[in-house]
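S.K.: Below, each chain spelled out in residue letters.
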Amino acid sequence: MALEQPAQPTLGDRIYDKLFHNYLWRSIFRTGYPNTPRNQMLVVATNVFLHLHPTRIHRTHVKITHTYCLGGLTFFMFLGLTVTGILLMFYYVPSVDRAYLDIQNIQTNVQFGQLMRNMHRWMAHAMVILVFLHMLRVFYTGAYKPPREFNWVVGVVLLVLTFLLSFTGYLLPWDQLAFWAITVGTNIAGSAPVLGPKTKFWLLGGFEVGPDALIRFYTLHVIGLPLLAAIFMAVHFWRIRRDGGLARPL
Amino acid sequence: MAAVVVARPALRPTPRARDEEVLVWPDLVFVEFVSALLFTVALFFLSFAMNAPLLDEANANVTNDPAKAPWYLLNLQELLLHMNPALAGIIVPTVWLILLGAFPYFDQSTAGQGRWFADANSIRNTVVSFIVGFFGTLALILWNSGKVALWLKDWFGISGGGQLAFLERSAALKDPSVVPWPDWASSIPYLWFNLKILDEGPGAGVTTFQKIDLPTLLVDIGIPAGFMVGLTCLLVYALWRIGWVLSRRDALITLMSGFVGVFLMLTIIGTAFRGPGQDLIWPWDLRTLEGIPGQE
Ligand code: HEM
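Protein sequences, first through last, are from chains A and B. Be aware that the first sequence starts at 1, since it is given in my numbering, and climbs by one per residue. Be aware that the second sequence starts at 1, since it is given in my numbering, and climbs by one per residue.
These are computed hints drawn from the structure, not numbers from a lab. There's no promise every hint is true.
[Stated by the list, open to error] Which stretches of chain A does chain B cover? Using the computed rule of at least three CB atoms under 8 angstroms from a CB of chain B, they are: (1) 65-77; (2) 107-120; (3) 228-240.
[As the list claims (entries may be wrong)] Here are the computed distance ranges between Cβ atoms for each label pair: (4) Tyr91/A / Ala42/B: 20 to 30 angstroms; (5) Phe135/B / Arg242/A: 21 to 31 angstroms; (6) Gly230/B / Asp212/A: 34 to 44 angstroms.
Beta carbons are placed, not taken as given, at the ideal position from N, Cα and C, and that holds for glycine.
Kindly generate the complete structure, drawing on both the sequences and the hints.
M.R.: Structure (structure tokens):
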């Protein structure tokens, strides 16, 4: 095998150096563009955001047709939903008197408010679709097989959490669509044998959708479920590394 | 002396796993960055083109008809129309999620992992199971909504009527004029004491007998559960008989692909083909709510 040689700096590299190798920049990023294999591995291993990755992966796994990046995109939706969700939280108060007016206010008076709300909504739908497709990709590539059994189970939990996140968010606009969708949805939960009525009561904080349901759904939507999902995602990603990276033919 | 043949190791070094590897930076990071960018741009465009729905303020006194759950639950809502609510809304999804989680514990072989459709029959198993699930569900929905019977009557003048009404809808089996149920059949006591957790209904006293309504049990639970379990087993059995399902992996592929077909059909019907009163209608007849067809 040929020895790996550092590439000669090109004109682009030199301009880059001038622009980014000043004192301020280097205080933030200690190296310039990592243009040797050694530095490229270092940057992945030492950067807090990149170090979820291994430094090297198998050739077949960067092929877009292997994963279609579906898991990564699901996670990206989660991040995007967090950002747009935080922006919406600045304006939204989960009380029956204000919720609907706040949404109207976001759409009409807040700069980029309508855009933020649209992004949040469509990203939520995208996340549900993407997580489902990701599950199918994992299934049809046989990637749930040993030693990845448990990560598949973690995945099933994440699937349920994704649905719940979307479902709890559905009530928050407090319009007719939200109200009746959640009424129908929680009636389904209420029909469970033995535990149903209690579960429904516990979910809604009452016998029907009202102020208590709104505050419960809000709390679950903005903190409870995202926290749980984040924990399970951390386990999910960690397990991918522990299980030896993505599955490949033995 | 006979020449001694010394076995030599092949001169060609065995390829190292590392030669098959690429660096995460730049190869993978690039792919991730581009897909994130594409999605961001696409979602921005979508958000400029289409607003999130907002109807009138919530009002418990004005029923939305049809009242629909979010689209990814409409498959369950569709199931609810055909069977006992606890079966459709709770038991079916719970059992399915448990089965799903148990997949890797059922199929423990490591063969064929890490490649799309690695097993010999996997593609045709997938396609056939999907089609059976998809159109089988459609057929069952049309049948149980009485549509098939209606068309038979309209187009061919054939009418089941009377004793054969159950061929039009399974619910007709509850009707005493179709099946001569004895009186006791609709209230068979099974608990002679009051179990508090089962005793939720208003007016249920301490001495309430917990009763089974046999015709309802049969129609709302027995028949649908039988169909769901039976048809699934039948599909796997049939594919096994013709030699397509040879391993546990193949059986799971059949199960999963059939599920995707069923799930998709239920979701499509529930979203686009259910109008006021949850009647089957064409999507273009769906009442528009403030310019938003159906729900969104
Ligand atoms: C919020 C939800 C989820 C997120 C953010 C997520 C994220 C990821 C990511 C980033 C990967 C790396 C490979 C790829 O992108 O495909 C992955 C792999 C994996 N995921 Fe998920 N996932 C989620 C849900 C699920 C679900 C629902 C399942 C299955 C039921 C699942 C099972 C797996 C398995 C078994 C792997 C390893 C695949 C392999 O070795 O090829 N995940 N996940």
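S.K.: Now tell me, hint by hint, if it's right for this structure.
M.R.: Evaluated hints:
1. 65-77: holds (count 7)
2. 107-120: holds (count 7)
3. 228-240: Since three or more residues must qualify, the claim that chain B covers the region 228-240 of chain A is violated, with 0 doing so at under 8 angstroms.
4. Tyr91/A / Ala42/B: 20 to 30 angstroms: At roughly 26 angstroms between Cβ atoms, Ala42/B and Tyr91/A fall inside 20 to 30 angstroms, so the hint holds.
5. Phe135/B / Arg242/A: 21 to 31 angstroms: Once the Cβ atoms are compared, 42 angstroms apart, the range 21 to 31 angstroms for Arg242/A and Phe135/B is violated.
6. Gly230/B / Asp212/A: 34 to 44 angstroms: This hint holds: roughly 43 angstroms between Cβ atoms.
Hints 3 and 5 from the earlier list are contradicted by this structure; the remaining hints agree with it.
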